[in-house]
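Generate the whole structure from the sequences, applying the supplied hints.
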Amino acid sequence: QITTVSGNEFLLQSDIDFLILDWFHAIKNAIDRLPKEQRITSRNLEFKLRRSSSIELLNSLDTESKEPKPEHRKSLIFRLNYSASDTNDRNRVKSRLKKFISRRPSLKTLQEKGLIKDQIFGSHLHLVCEHEKSTVPQFVRLCIQAVERRGLDVDGIYRVSGNLATIQKLRFVVNQEEKLNLDDSQWEDIHVVTGALKMFFRELPEPLFPYCFFEQFVEAIKIQDNATRIKSIRSLVKKLPRPNYDTMKILFEHLKKIAAKESVNLMSTQSLGIVFGPTLLRPEKETGNMAVHMLYQNQIVELMLSEYSKIFGSEED
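Position one of the sequence shown corresponds to residue 5 (our numbering), numbered consecutively onward.
Watch out, some of these pointers could steer you wrong.
With a cut-off of at most 27 Å between alpha-carbon atoms, the simulated DSSO-like pairs for lysine-lysine come out as follows [stated by the list, open to error]:
1) Lys253 x Lys183
2) Lys202 x Lys265
3) Lys314 x Lys289
4) Lys261 x Lys289
5) Lys253 x Lys137
6) Lys173 x Lys183
7) Lys314 x Lys202
8) Lys260 x Lys314
9) Lys202 x Lys137
10) Lys261 x Lys235
No lab work stands behind these hints, which were simulated from the structure alone.
As structure tokens, this is what we get:
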């Protein structure tokens, strides 16, 4: 809460700590930049406030000032004016901000009280699976089932973007509600479902192919001999954490069904590799080799789709 010497009060409120600090610093910098000769003394204001309203005061100040105003000060109504004696006020605001931030309950506390539910989007894959007591997120399964019911024959499935506002609405529903019905009429556009599924994988703090495996997969795809390349990729896939492996297996099995309908939906393994490559695996730190990495990312997904049975099959296969 900010109270100016003219008697105006402003309440700035947010749940985001760094945003509050940004506001404080912006206000402080604006005060510090005010020319001393243009600042209004508290003494004069106290006398005038007893005789006029805030609007009358501002108008009278504008009339009484004989100095030419810069263009950015055409209207005093939209400007906060502080006197040099307001240092204590600024310190008080700073102190209140610190107390407010220090007293805010932690995310864990809010979750324990049931005020904030565990998020699905933006959470680590293993945490989502632990919460659901599974190795594949329920949302992933529901999306795959919905697409296989009514999207296998859709032209450009996974390539065509759905309405972003509706996708964000679905994202909100998934994060807030336990039950989700993707057959509801509001999700009738299958591209909204595919868009939300891609967003889920894109927002994982660590991608489906963990960061520590990225360079190993890139080196494997570079192998010239096809049989050795497949064997190397298979070996890496088997080393993945269980949630990553199981989620990857069900996803690639699904994408293989999409590619099988290429003559209808026009989505080949190459097209799916282009769509999912950068979404499912990426380096922890981007370098100047982004274009080269993207090529390898696409090739890895394409190979795993083409050789799905050899990579995810049992040892006997």
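Review point. Which earlier hints turn out false for this structure, listed by number in ascending order?
Key: Of the numbered hints, 3 and 4 do not hold.
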